[in-house]
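Dock chain U against chain W, hints included.
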Amino acid sequence: MFDKRKSTEIYHQLMNGKVINKHKIVNDSTRAENGLYNEIIENLDDYSKQNIMAGYEFVGSEGLPYFYIRETGSEYISDLDKKVYILLLIIFRYVSQRYSMDKLTHEAGGLSAFDLEEIDNDESFKELAHKAQIGTASISKGIETNLVNKNFMLAKPTGELLLSDAGEAFVDEVKSIYSSIDL
Amino acid sequence: MKIQKASLLIKILEYKDVFFTLLDYVNDNDNSNDVPEIIYLQLYNKYIAKNDDAEASQWLTLESLTENDIFVHNDKNDKNAGTITLQAFLIETLRFIDIERANELSSTDFEKIREQFQSVWESINSCSGIDSDLYHDLMANFNELLTTTLSKVKRNVEVLTVQADDIASKFDLRHDHSSSYNANDLYQKLSSLFEKYVYPSLEFTNPKMEMSGYGKLTFVQVIDEFIQYHAISPKIASQIGYKKTAVTSFYKDIKRVLEKLERYYRFVEIDRANYLSIEKAFNHLGQEVERLRHGKSKNKYLTNDLEVLNQYHTFKNLAFHKAKFTKKLAWKAPLSTIHFKQWFEDLKDTEIVEEVEHDSVFNVPCISLQREKEIIEWCMAHDWDRNVDDIHQYIQTELKKAFSNQYILTDLLAGLESFFVIVDSKFYIRSPKKIKSPKENIIWIT
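Listed in order, the protein sequences are those of chains W and U. Count the first sequence with the working numbering and you get residues 97 to 279, in order. Count the second sequence with the working numbering and you get residues -12 to 433, in order.
Any given hint could turn out to be false.
Stated by the list, open to error - Calculated pairs, PhoX-like style, for lysine-lysine (alpha carbon to alpha carbon, straight line, at most 25 Å): (1) W:K102 <-> U:K309; (2) U:K309 <-> W:K100; (3) U:K183 <-> U:K247.
What the hints assert, rightly or not - Reference listing, derived: stretches of chain W covered by chain U, where coverage requires no fewer than 3 residues with Cβ under 8 Å from a Cβ of chain U: (4) 153 to 165; (5) 172 to 185; (6) 188 to 199; (7) 239 to 246; (8) 264 to 274.
If you are wondering where the hints come from, they were derived from the structure by calculation, not from laboratory data. None of these values were measured; they are calculated from a predicted model. Note that the Cβ used here is the ideal one computed from N, Cα and C, for glycine as well.
If we strip away everything but chain W, and leave its shape as in the complex, we get (with noise of 0.2 Å):
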């Protein structure tokens, strides 16, 4: 039986085009499951049918460790995924330059204020970001605004942000297109 208030809840985040990732991040800094998404997998039926009728494609029924929704028909990746994806590969960079990749997975880690303002201050990330369109403000506040908001980061009560399900699946990804590719 579904529960109204995370039915509710996962309405609410899917349509103002959140993931619901399989963990979140609770008060003592570790990951732990996140009731949403396990409330839709209780009734996957239900929700998927649901979206689908809505004229909705459900992702993340296949097995993914995160769902959100998508219209179907557009060839092209949208305005949001294109800032999502570079900075994501922006935070990527960053922290591959100075630190191992666990500093964004692992719970001791994080993504620091100190960070953010490093990130804030690059030159070539500030051009990347200006191609994109990500704001007039800072890259910090894209991040908040795009990463954090949209469930691709999930920030520790210390404020560190750590990638989600759905960023670490983003990392695994680009590991696995270019491992194998030489430039």
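Okay, now just chain U, sitting in the frame of chain W:
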């Protein structure tokens, strides 16, 4: 001014940090022992001249150190003009003091040692016999070489151990997410350590190692030849054997260093692969940005049809779907003719339905007061069942029984009305819940 060598060395060691800086320069610049004199002059002015130590400020001047053969000063006509050359013994002494600044033995160093041993062996093998003067000279040379090699190999193991510890401490920064850790740099350092120093050390001390190339003997094979040559002098043979064992016993220590480094190597290799993948991904995107510079492309911004972005499938066509359902008109804005026009358009689109009076299809059912009174009285007197499945059917059946042929459909309406009036709503409830009244008068209604 000539100064006693021992006193000068003691003074140099008092200011060893200055000389370590020179050694670092040598280590970073192909070990040529040459250092620009300006570096020493700056160090002298900063750390020596300003001290109250008058002896140091006199003895450790550039001129004094040159005069006392600590430095070799290259004159103006030399191609290395403006540089000083540090004497080899000073370099060795400094490296001896600080193990972290000592150099590992490279494959070239080991090859030189091996060649020296083979050369001595070939000379001894071709000399007239163990009684000749040449033999004694060559054996003295051999023993000195063996002792030097033993100390060099021992020292090399210490240096490699320090290097492995350094790698380990750098690798530990990986787990401290606020300290700098570059997988690529560490990988390069590890690879270099393996290829240039650890593997040659292992090969040199490996008793089972075989050399490629005609007539070439490994260090161990040369020593074995010496031992065999002295089979008739067991004392000499056993002495050589002990030293050989001392050198080859370091094989296990180097193997231990190798195993330690290999453990880190596996992790660093994965980190480096990740680093390279992300570098490629970012540079690939950078190529698209490059095209937008200086009017190279008609677009000013990155477009959504770029292959470099459309190759990803982690998510696609994310959107703020609610935006599509927001009001197109800002009604909170000050009133204007736009509002009127919108209202007028809405009005035009609204279908106006005129009210039509319809003739009543059915006559309003009526019931006489007398009949109504009879039914109320019947209800009051009736002994109601405790559990009724269908109240409509129940009342109809009971009224039919009570009024037999006189029963008409409107009686049911009056009956229902009376029933709901006389039966207190507190005492009945729709199933399946059950409410107990104080008098236990319960009526089940479904």
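Status of each hint after checking the structure:
1. Of the supplied pair hints, the one linking K102 of chain W and K309 of chain U holds, its CA atoms being roughly 18 Å apart against a limit of 25 Å.
2. With a CA separation close to 20 Å, the supplied pair K309 of chain U and K100 of chain W stays within the 25 Å bound.
3. Note on K183 of chain U and K247 of chain U: the hinted pairing holds, with a Cα-Cα distance of about 17 Å set against a maximum of 25 Å.
4. Only residues whose beta carbon comes within less than 8 Å of a beta carbon in chain U count, and the segment 153 to 165 of chain W has 3; three or more means the coverage holds.
5. With a threshold of 8 Å between beta carbons, the proposed coverage of the segment 172 to 185 of chain W by chain U holds, since 11 of its residues qualify and at least three are required.
6. Given as covered by chain U, the segment 188 to 199 of chain W passes the check, having 10 residues with a CB less than 8 Å from a CB of that chain where 3 are the minimum.
7. Counting residues of the segment 239 to 246 of chain W whose CB falls under 8 Å from any CB of chain U gives 1; the rule of at least 3 is not met.
8. For a cut-off of 8 Å, the count of residues in the segment 264 to 274 of chain W with a CB near a CB of chain U stands at 7, and the three-residue condition holds.
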